[in-house]
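Please build the complete structure, drawing on both the sequences and the hints.
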Amino acid sequence: MIHLQKDDTKLMVAVHGWSGILLGLLLYAVVITGMVAVFAEEIGIWSAGHVETRSAFARPIDAVVRKLAARTPERYRRDVSLFEIGDHRLGAFFHDHEIAPNGQPVDRGIYYQLHADGSIDKALEGTGQQVFGPRNDDALSSFLVDTHVRLHVPDPWGLLLTGILGLAMLVAAISGVLIHRHLFKDIFTLRRRANPVLVDRDRHSVAGTWSLPFAFLLAFTGSFFSFFSTVGVPVVAMAAFGGDQQALSDAVFGSPGKPDPSIRPIGNLDRIAADAARRTGGAPTFIAIEHYGRADSTITVFNDPPAGDIEPQTLVYRGATGAFDRVKPSIGTVPSAGGTLVAIMAPIHFGNFAGLLSKAIWFGLGFAMCYVTFTGLRLWLARRRGDAGSLAWLERATTVIGLGLPFALAASAAGFLVTMPAGGAVFWTPTVFLIAAAIAIVSGLLARSNATLDHGLRIATGTLLLILPLIRLAMGGPGWGQVITVGQPIIAALDIAMVAGGGWMLWRALGRRLSAAAVAPVLEPAE
Amino acid sequence: MILLSVATVVFSAVILALLGLGDPKRRRAAGLGSGEMTVAKRRLLAGIACLPALLCVALGDAAAFMIWLGGCAVVGWFVALWLGQTGKDVA
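Protein sequence lines correspond, in order, to chains A and B. Each residue of the first sequence is one higher than the one before, starting from 1 at the first, in this note's numbering. Each residue of the second sequence is one higher than the one before, starting from 1 at the first, in this note's numbering.
With a straight-line Cα cutoff of 30 Å, these simulated DSSO-like cross-link-like pairs (lysine-lysine) come out:
#	chain 1	residue 1	chain 2	residue 2
1	B	Lys41	B	Lys25
2	A	Lys185	B	Lys41
3	B	Lys25	A	Lys185
To be clear, the hints were calculated from the coordinates, so they are not data collected in a lab.
So, in structure tokens, the structure goes:
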């Protein structure tokens with residue numbers, strides 16, 4: 001292990017503690033929502049009762065896209081983005097590029113949301129920022145993801161904030177390694193009945209040691225995503241493209257070729273989607289068409305990583321003929337180490353490269369990191385408990401956020417389930433979260449002791465988790481027989497996970513109290 | 001691929017459990033008497049626990065390697081939590 005001088009160790013302990021205590025509560029909010037957001041897609045399916053299992057790109061889309069193109073004004077037909085929305089339905093954004101007054105490139109066009117039969121459900125016109133947002137059926141998963149990505153703070157400040165939190169996590173991980181002299185010797189040592197400082201220290205350091213490699217990976221990749229568009233792109237554009245971010249995007253991510261604006265109908269999209277699925281082993285996840293209806297049109301098809309790989313595959317087709325052109329690196333036109341590194345950032349951060357198995361492990365890692373953050377805060381407070389009473393407010397705040405956040409997230413899920421059938425989920429999901437957060441804060445102010453607050457929030461969260469499946473079924477969600485028949489068992493699996501999670505929380509909160517009461521000595525009148 | 005990933009995690013989990021059971025510091029802290037592993041034995045087991053990583057690298061299966069790495073982290077932590085429930089603590 002690394003042995004530091006006494007003064008250096010003291011400095012590192014201070015850096016570790018203060019970086020955690022200053023940003024730990026916000027970091028905890030980002031980590032816990034990230035942990036839940038690993039299953040954002042599955043939570044979307046569970047909460048909205050989606051029963052379609054076939055990808056939109058595994059069904060015919062060619063005729064639908066041609067019809068949409070025919071009704072779209074020519075000024076928006078430069079590029080087309082095709083992606084899945086809701087219950088494996090198709091979303092199509094016909095758009096052109098323009099520069100906003102602040103110098104940022106923006107896309108403006110018409111965003112079509114389609115029904116399962118290809119008819120138009122909604123057509124929204126405006127910039128990407130204006131037309132893309134949570135829909136009634138994905139309000140819960142969108143809320144979770146947006147909390148994790150930017151804590152609902154407007155761009156670019158939200159992304160900068162979460163990027164800084166990622167760096168704080170890196171600092172805490174590095175300083176943690178430096179101050180822990182017996183990192184591997186203590187890896188199995190958890191003293192439960194020692195003094196509270198030792199108990200908290202063991203819990204914190206054991207979970208931190210086991211999850212250390214992933215603390216680095218997840219913090220680094222998370223910071224990369226936060227700083228990519230807010231700092232990286234503007235700086236590189238300024239240095240190499242005279243500030244023109246669109247030129248940078250075209251050069252780095254585009255498919256450069258000789259311009260040919262002559263009119264040529266687009267190749268068959270169904271054949272392209274089928275060919276991409278054959279080459280990569282799965283249906284595409286996103287299709288981007290550049291120069292729609294021109295001879296120099298290119299179609300870029302994005303796919304999940306093939307089996308055994310973690311790098312997503314990007315295939316380029318000639319737009320006019322639909323013929324396969326090449327496998328595209330994520331950066332530039334030729335494969336490079338940098339391109340591969342950038343390509344694997346997302347799978348490593350999201351853990352979505354091998355289906356439910358990798359997601360379940362990433363969820364476990366997220367849980368370990370929540371535990372490390374929360375026990376770290378408690379350890380810092382436990383070490384100062386005897387010093388002064390003035391930190392009692394911080395202990396309350398730690399409990400309000402540490403246990404109030406899961407409570408508010410569970411409440412927002414309940415709010416979504418109750419209001420989604422009537423079409424009010426976009427408003428009520430965050431509103432119920434705020435109401436539940438306010439209840440947790442007021443409870444923090446009024447509770448007799450921190451232990452009472454801790455206990456109450458655990459019971460409330462456990463109860464909510466336990467009844468969420470019942471609310472889902474009561475509001476008309478599909479039953480287990482139906483979801484298993486249609487091949488969507490993830491809905492039943494999440495029901496079981498909610499009940500197990502809620503039951504575990506209640507058992508921890510109530511079972512221990514009951515067993516403590518059973519063994520506690522009771523004074524008889526004669527005594 | 002899924003089968004390989006699960007097999008590698010299960011293999012290493014068994015070794016991690018053995019390492020945890022014989023961990024000298026844990027046994028001393030929990031007031032458990034004999035049964036401590038020697039340094040050589042622990043190093044050997046730690047090396048064996050890492051063998052699945054070599055298999056994943058040899059097969060060029062990056063996904064299985066990442067699942068093994070993440071799986072070992074989660075399982076190792078759970079093993080530590082599970083073993084933390086046993087014994088009588090000595091502060």
